[in-house]
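Student: So you can see what is in the structure, the chains are spelled out below.
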Amino acid sequence: MLQFINVSKRYSDSGEVLSNVCFQLEKGEMAFLTGHSGAGKSTLLKLIPVIERPNRGQILFEGKPINRISKRQVPYLRRQLGLIFQDYRLLHDRTVFDNVALPLLIAGFSQQETARRVRAALDKVGLLRKEKRFPLALSGGEQQRVGIARAIVHKPSLILADEPTGNLDPGLSAEIMDLFKEFNQVGVTLLIASHNLDLISRFACRTLKLQQGQLVEGG
Amino acid sequence: MTVLVIAIALTIPASFHVFIKNAQQASSTLEATNQISLFLKPELTNEAGGKVAETLNKHPQIAVAELVTKEAGLQQLKSYSGFGDALQALDFNPLPAVVGIKPKDSLTRPDEVEKLLGELRALPETDFVQLDTEWMHKLHAILTIAQRSVVVFSVLLSLGVLFIVGNTIRLELQNRREEIVVAKLIGATDRFIRRPFLYAGFWYGFLGGTLAWLLVSFFLLFLRGPSRHLAELYGSPYALSFLSLSETELLIGASVLLGIIGAWIVVSYHLRELDPT
Ligand SMILES: Nc1ncnc2c1ncn2[C@@H]1O[C@H](COP(=O)(O)OP(=O)(O)O)[C@@H](O)[C@H]1O
Ligand SMILES: [Mg+2]
Numbered sequence: 001m002l003q004f005i006n007v008s009k010r011y012s013d014s015g016e017v018l019s020n021v022c023f024q025l026e027k028g029e030m031a032f033l034t035g036h037s038g039a040g041k042s043t044l045l046k047l048i049p050v051i052e053r054p055n056r057g058q059i060l061f062e063g064k065p066i067n068r069i070s071k072r073q074v075p076y077l078r079r080q081l082g083l084i085f086q087d088y089r090l091l092h093d094r095t096v097f098d099n100v101a102l103p104l105l106i107a108g109f110s111q112q113e114t115a116r117r118v119r120a121a122l123d124k125v126g127l128l129r130k131e132k133r134f135p136l137a138l139s140g141g142e143q144q145r146v147g148i149a150r151a152i153v154h155k156p157s158l159i160l161a162d163e164p165t166g167n168l169d170p171g172l173s174a175e176i177m178d179l180f181k182e183f184n185q186v187g188v189t190l191l192i193a194s195h196n197l198d199l200i201s202r203f204a205c206r207t208l209k210l211q212q213g214q215l216v217e218g219g
Numbered sequence: 220m221t222v223l224v225i226a227i228a229l230t231i232p233a234s235f236h237v238f239i240k241n242a243q244q245a246s247s248t249l250e251a252t253n254q255i256s257l258f259l260k261p262e263l264t265n266e267a268g269g270k271v272a273e274t275l276n277k278h279p280q281i282a283v284a285e286l287v288t289k290e291a292g293l294q295q296l297k298s299y300s301g302f303g304d305a306l307q308a309l310d311f312n313p314l315p316a317v318v319g320i321k322p323k324d325s326l327t328r329p330d331e332v333e334k335l336l337g338e339l340r341a342l343p344e345t346d347f348v349q350l351d352t353e354w355m356h357k358l359h360a361i362l363t364i365a366q367r368s369v370v371v372f373s374v375l376l377s378l379g380v381l382f383i384v385g386n387t388i389r390l391e392l393q394n395r396r397e398e399i400v401v402a403k404l405i406g407a408t409d410r411f412i413r414r415p416f417l418y419a420g421f422w423y424g425f426l427g428g429t430l431a432w433l434l435v436s437f438f439l440l441f442l443r444g445p446s447r448h449l450a451e452l453y454g455s456p457y458a459l460s461f462l463s464l465s466e467t468e469l470l471i472g473a474s475v476l477l478g479i480i481g482a483w484i485v486v487s488y489h490l491r492e493l494d495p496t
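Top line first, the protein sequences correspond to chains A and B. Using this note's numbering, read the first sequence as starting at 1 and increasing by one per residue. Using this note's numbering, read the second sequence as starting at 220 and increasing by one per residue.
Keep in mind that the hints were calculated from the coordinates and are not lab data. Note that beta-carbon positions come from the ideal geometry of N, C-alpha and C, so glycine has one too. Treat the hints with care, as some may be off.
[Claimed, not checked] Listed below are several chain B residues computed to face chain A (Cβ distance under 7 Å; list not exhaustive):
(1) LEU375
(2) GLU398
(3) ILE399
(4) VAL401
(5) GLY406
(6) ALA407
(7) THR408
(8) PHE411
[Unchecked claim] Listed next, the in silico EDC-like pairs over lysine to aspartate or glutamate satisfying Cα-Cα at most 16 Å (straight line):
(9) A:LYS132 with A:GLU142
(10) A:LYS71 with B:ASP409
(11) A:LYS71 with B:GLU290
(12) A:LYS64 with A:GLU26
(13) B:LYS357 with B:ASP330
(14) B:LYS289 with B:GLU344
(15) A:LYS130 with A:ASP98
(16) A:LYS155 with A:ASP123
(17) A:LYS46 with B:ASP494
(18) A:LYS71 with B:GLU492
(19) A:LYS124 with A:GLU142
(20) A:LYS209 with A:GLU142
Please work from the sequences and hints to get the whole structure.
Tutor: If you want it as structure tokens, here you go:
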């Protein structure tokens with residue numbers, strides 16, 4: 001499903017951030033990406049939706065080399081992914097329903113299908129009764145659930161989460177991780193970046209460890 | 220606010236244009252009343268004067284040529300002006316005999332008029348010739364220049380409209396920056412993001428153009444009373460003309476186009492820097 005082959009990324013002002021990273025993620029797998037702050041976790045995740053492009057190496061997604069796709073194709077690649085952010089990145093002037101509906105609106109789903117899917121996604125994260133609320137009227141844990149609903153509503157083939165629990169207390173973090181585990185049990189593929197080793201250790205999942213841009217474990 | 224500024228920017232050249240258009244129509248209806256006065260040499264008898272008028276009546280470019288004798292002229296002057304008593308005091312008639320000439324309506328081109336004047340001046344009986352409406356030609360020339368300047372004006376103010384729409388859209392883009400970044404992250408194409416801004420540009424243009432049309436019409440309504448009065452004074456059948464259908468279409472169409480183009484330029488330019496990194 002996802003394959004990194006000798007991927008290197010350098011930023012002009014911080015040198016090489018990723019060096020010769022190689023790993024493969026199978027369909028239906030759930031893997032953690034760990035490492036100290038600054039190890040390159042976020043950078044690695046950004047290469048997949050082509051927010052950044054690698055300087056060397058190849059990245060295959062569903063067999064296609066995404067390091068070489070054109071700018072025009074990027075939106076269509078991103079629609080196959082579900083992105084979850086540390087700071088949720090919700091739109092504060094739109095209701096929970098409208099936030100979750102955004103990927104479907106972009107992909108041009110009908111209104112009926114959109115409503116059906118949004119409610120199904122909100123049901124999965126336990127927020128069905130708060131669809132008319134605005135994000136700022138929700139707790140941090142609930143906001144991240146909205147972010148997760150938005151990432152799964154269009155049934156992407158891969159979910160990428162960058163420090164999804166970084167802003168949450170341990171109790172809420174565990175709930176979010178349990179949610180991911182549930183998704184994984186019904187076949188969803190996930191790659192989750194987190195430096196919270198305690199939390200990760202509770203799951204018997206594959207762990208990719210980055211150290212100063214090198215993959216030192218799990219590759 | 221944006222709509223109002225667009226409307227004002229478009230009202231200026233549009234009303235200038237209708238103003239000139241009306242002035243041109245007015246001057247051409249007045250030109251139909253062009254009158255040439257041919258002053259005969261003082262020693263000429265009335266019979267000789269009558270012959271001149273007779274010959275001129277047959278001229279292909281002249282509609283009517285009529286002799287006003289010295290006596291008739293004095294009579295007219297006495298009854299029309301307040302000089303009656305003063306003229307009575309004169310013991311001789313100071314007025315020359317005049318042939319009043321009305322050219323055919325088809326004679327409008329200044330060079331043709333000039334040619335006719337030349338012919339008249341060359342007549343042996345002629346003392347001098349006066350075109351009563353010479354100033355009309357100067358007005359005509361001025362109006363032509365003014366019309367060209369409307370084109371220049373329109374271009375400049377169209378750039379202004381582009382700028383106004385662009386600036387408004389730019390502010391709107393800034394307000395919705397986060398939304399655009401998120402939309403791009405979850406797979407929105409540039410087209411998808413651009414679309415609502417193009418709609419906004421369309422509406423700004425449409426409303427601005429429509430408002431400009433209304434302003435021009437108000438402006439004309441405001442001028443209608445005085446201009447009718449003026450036309451009556453000159454005995455001309457002239458009526459103030461408003462923007463025609465095709466001019467209205469051009470005004471609103473151009474405004475809409477400017478709105479969309481302004482939005483397009485700004486959004487395309489800023490979309491690149493809104494890439495989520
Ligand atoms: N856009 C960027 N430009 C320059 N340097 C960057 C950029 N993004 C990240 N970096 C640098 O790359 C390194 C890895 O960052 P990051 O991938 O965010 O690590 P992590 O997510 O593991 O904390 C850091 O040293 C960071 O300063
Ligand atoms: Mg990070």
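Student: Now tell me if each hint is right for this structure.
Tutor: For each hint, the structure was consulted:
1. LEU375: Check failed: Cβ of LEU375 (chain B) comes no nearer than 36 Å to chain A, outside 7 Å.
2. GLU398: This hint holds: GLU398 (chain B) lies near chain A, its Cβ roughly 5 Å from the closest one there, short of 7 Å.
3. ILE399: Since the shortest Cβ distance to chain A is 10 Å, the answer is violated.
4. VAL401: Given a least distance of 5 Å, the restraint on VAL401 (chain B) holds.
5. GLY406: With a minimum Cβ separation of about 4 Å from chain A (threshold 7 Å), the hint on GLY406 (chain B) holds.
6. ALA407: holds (5 Å)
7. THR408: Constraint on THR408 (chain B) satisfied, holds at 5 Å.
8. PHE411: holds (6 Å)
9. A:LYS132 with A:GLU142: holds (13 Å)
10. A:LYS71 with B:ASP409: Holds, at roughly 10 Å.
11. A:LYS71 with B:GLU290: Violated, at about 95 Å.
12. A:LYS64 with A:GLU26: holds (15 Å)
13. B:LYS357 with B:ASP330: Between LYS357 (chain B) and ASP330 (chain B) the Cα gap is close to 13 Å, so the pair holds against 16 Å.
14. B:LYS289 with B:GLU344: holds (15 Å)
15. A:LYS130 with A:ASP98: holds (12 Å)
16. A:LYS155 with A:ASP123: The given pair, whose Cα atoms are some 14 Å apart, holds under the 16 Å limit.
17. A:LYS46 with B:ASP494: holds (12 Å)
18. A:LYS71 with B:GLU492: holds (14 Å)
19. A:LYS124 with A:GLU142: With a Cα-Cα distance of about 12 Å, the restraint between LYS124 (chain A) and GLU142 (chain A) holds, given a limit of 16 Å.
20. A:LYS209 with A:GLU142: Not OK: LYS209 (chain A) and GLU142 (chain A) at ~29 Å, beyond 16 Å, violated.
Of the hints listed earlier, those the structure fails to meet are numbers 1, 3, 11 and 20, in rising order.
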